[in-house]
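Peer 1: Residue numbers (the numbering used here), protein chains in the order written: chain A, 900 to 1166; chain B, 85 to 417; chain C, 5 to 271.
Read the hints as simulated data drawn from the structure, not as lab findings.
Quick reminder that beta carbons are idealized off the backbone N, C-alpha and C, glycines included.
Take these hints with a grain of salt, some might be off.
Which stretches of chain C does chain B cover? Using the computed rule of at least three CB atoms under 8 angstroms from a CB of chain B, they are [claimed, not checked]:
1. 17–25
2. 97–109
Once the Cα atoms are required to be at most 25 angstroms apart in a straight line, the calculated DSS-like pairs of lysine-lysine come out as [what the hints assert, rightly or not]:
3. C:K208 to B:K237
4. C:K106 to B:K205
5. B:K179 to C:K265
6. B:K279 to B:K223
7. B:K261 to C:K8
8. C:K26 to B:K175
Here is how the chains run, residue by residue.
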Amino acid sequence: MNLKKYLTLTRMGVMESLQFRLSMLVIFAGNLLYLVVVYFLWKAIYASSGEEVVNGMTFHDTLIYLVLATALFNFMEMYTVWQMGRAIQSGSIVLYLLKPMEIRRYMFWEYSGNFVVNFCATLLPTFIVVNVVTRGAVPLGMNLLYFVIAVVIAVMINYNIDFFVGTICLYTESIWGINIMKQVIVLLLSGATIPLAFFPETIRNIVNWLPFQSIYNAPLTLLLGKSADIKDVAVTIGTQLIWLAVTYAISKLFWKISLPQITVNGG
Amino acid sequence: MAPVIDIKNITKEFKVLNRREGLAGSIKDLFSRDYKIVKAVDNVTMSIEQGEIVGYLGPNGAGKSTTIKMMTGVLEPTSGEILVNGRLPYKNRSKNAQNIGVVFGQRSQLWWALPLVESFKLLKDIYQISDEQYDGMMKLYQSLVDIEPLLHKPVRQMSLGQRTLSDILAAFLHDPKIVFLDEPTIGLDVSMKAKIRTLIQALNKEKNTTVILTTHDMGDVDALCRRIVIIDKGKMLYDNDISHLKGFFGSYRTLKIRVDGDLKKESEQIAKEFPVCKVSADDEWISILVDEAKITVMEVLTKLQKERRVRDMQLEEISTEDVIKKIYEEGVE
Amino acid sequence: MKRKGLLFYTRLYFKILAQDLKSKMSYRADFIISTIGMIFTNIAGFVSFWILFRNFSTINGWGYYEMLFLYGFSLVALTPVQCLFDNNWSLRQYVYTGDFIKYCFRPINLFFYYQSEVFDIKGLGQLAFGLGTLIYSWIKLGLGFTPLMLVKMVIFLLTASLVMVALQNAAAATCFWIQNSFYILDLVTKFKDYAKYPVTIFSKAFRFVFTFIMPIAFIAYYPSLIILRPDEVELLSWLSPLIAVVFFFISYKIWMFGAMKYNGTGS
C-alpha cells in the first residue's frame, strides 16, 4: 500500500479545515456551552438525589464520562451520510468511482485530515482541561494506550456504519431522514447522551449485544477504567474487533450489492 | 422620452481576501488576513432607451454581472448615479423588481417540482398580474411557441432548452419594462438556440420590452442586437451599433481565390501587384486581406482575372466574433 | 401598482405554501422517511428523559411531571421554527452556489419570499408529540383549566417560538459572512435541546448568559412559568413576549443586511 497518496489526502484535509477558522471557534464555544449545561444539569441531579454514588458512578465519573463522550462524538463525526447522499443525488458519485482508489477508502482518507485537526482542537484540549479541573481524575498509564487503540477501532466501526447508512441513499432520496435516524440510534444506544450504567437492566443487556456501545462506551470505559485488569481490556477490545469485522463485512457487501443501483439512477 | 436605464459614472469596489499558498499559508491566514480592493466596475456610463435590445459583452470576470446587479437593485454602486425607470434601483429594490424580469441561463427561477403552469400562477400572484393581462400574455405565448405541452410538465423533467424557454416566458409574464437575459442560450443545441432567439425578438417587438443580453455567443448578438456594449476589467471599451463595430478595425474583407499554377509563386506575384493587401497562401487557397477603405474587392478581382484564370473564389467577411476577440485581446485604441 | 399589505402577504403565503406541499408530495419516499426520522428523534428524546428520571425522582425541586411539562412546552414551541423556517437550513447552500440571487428579483419582501418557500410538514409530528406530552403532564399536575389559561398558554407558546425563530435566523444569516456557517446553525439547533431544563439549575452567571446572551431560557422556562408555577412568575416571564418580538426584529434585520451585503460578493 502506498501510504504517501493517502497522506496527501490527509494534508489537503488539514489545509481545508484550517481555512474555516471560525468554524473551529464555534465548535469550541459550542462544546464549552454544552459542557456548562451538562455540568449544571448533573450537579443538580446529584444534589437532588442526595446520594454520592448512583449506579456505581459518582458525579465526577458521570461528568468526565459525558464530557469525553461529547469530545469523542465531535472527533468522530464525519458527515459521511450527507456527503454520500449528496454525491448520489447530484450524480457526482460517478467521479468517486473513477478515482484510482476504492470509494470507501477514498472518502475515509479524504476526511482523515479532519481527524488531525479535531484531535488537536477538541479531543486533546478537552482531555487536558478535564484532567486539570478534576486534578487528575483520569489515570495516566496503560489505559491511555488502550484508549487510543479503542478509539481507532471505534472510528472505523463508526465509519462502517456511516458508510452503510450512506449506501441506503442509493435507494431513496431522503438524506435528512436517514441521517437523523442513524444519529439518534447511535447517540442513544452508544451511551453518548446518558452513560449506559444508568440504563435499566434489560435495555442494557440488549444494548451490550449491539455494535453501538463499541463506539463510545468501550473507549471511555477503558480510559476511565479503574481496574486495569488485562482480561477486561482484552474482552472489550476483542468485542470491538469482532464488531469491526462484522460492520466492515456488512457495509462492504451492502455497497457491492447496491452499486448497480447507480446506473439506474443515472449520473 | 427619458431613457429607461440611465447610468452615469458608476463604480463598484470589492474587498477581496488574498489567500496565501500552501500549508504554512493556511496557518498564517488563520491569524492575519490581507485584503485588497478590486474595482469590478470602473466609471461606466450608458443610457438605454425603451425597446432596445442591447448586447452586453465582455470576457469572464469583466464586471457584467456586477453592472446587472446594480441595475436590478441588488447592489449599491460605490459611486456614480444609476436610474432605472426614473428610480434609484437600490433604494427601491422591490418596486424596481415589478418592472424588470431576469433570466439566468444556468439557474432556473421556476419551482422545480411543479408543472410550469403552477409557477406561472404563483408569479401571477407575486406580481399582482390581473386576469386579463395574464390571459392576454398566455394567448401571446401560445401564438409564439407551442406552450401547451410545457405547461403541465414539472420543470425538473424538462430538457435544458424547454427550461430556458419557460424561464424566459416567466420573466416576461408580468410585462416588465426591462428584461435581463444572462446567457440564455448557453448549452443549447442549434435549433433550440434559434427558437429562443426568435422568441426574444418577437417578445421585444410585441411588448416593446427593453432587453439587456449578456452572452458569449456571437450568434445571439448577430441575431438580436443592433447595439452592443463591451466591458473589460470593469472599464467600458465600446458602446455603439454593431454595424459600426465591423468597421472598427478598418473595413476588412478576405478574398480567397484558387488559380492555375503554383499557389505559393502566384501569391508572391499578387502581393507585388497589390502592395496595400496582405497576401498568404496555403495548399488550397490564396487569401488576400483587402482593406476596402483603400481598394475594393471588386477592383482586386477584376484585375486578377485579367492576368490569370480564377477557377474558384470565396469572400469572407470579418465576423463579429473576430472583432470581439480582437477587442478582448488588444483593447480599443 | 397595488399596495402590498398584510392581506396580500397572507394570501401569497398560503399560495406559495400550497405549492411547496404539492412539490413535497412528489417525493413521497423522502417525506415518509423524514417523518419516521422525526418520530425517532422525539422518541429517543423521550427515552433519554425517561431513563434519567428512572434514576432520579426530582431535579432541583422540579418533579417528573413538571419537567415533562417543560419538555412538552419546548417541543410545541419549536414547531414553528421547524415547520415555517426550515428553509434557513438551505440558505448556506443557496449562498454557496449563488442561487440565492434568484430570490432578490421579486417585488416582494426578500425574507418573506425566502422563508415562505418551504413548509416542513414533519414538524407536525413533533407538534402532536409535544401537545400530547403537554396535555398529559398538565392533567397529571392538576393545574386546572380556564379559558384565560389557554389564552396565556397560546401567547407564551408563540413567545417561545419567536425566540427560537430569531435565534435560528441570526444563526443562518451568518452564512452571508463566513463560508462554513453550518456549525453555527448546528450549534444553535443543539441549544434548543437545553431549553427544556429549568434555568434555576444554573449558577447566577450562566443564568444571565442563558437569559440575555443566548436567550434559550425564553424557549420554555420563562414562558411556561406562567402556567406551571403561577406563584413564582418572574418579571422576565411577563416581559418575554416583548423581548421575543425585539429579538425577532433584530434577527430579521441581520438577515436582510446579510442578504444585501452578500450579493456583492457572489459572481
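Peer 1: Hints numbered earlier in the text: which of these fail when held up against the supplied structure?
Peer 2: 3, 8
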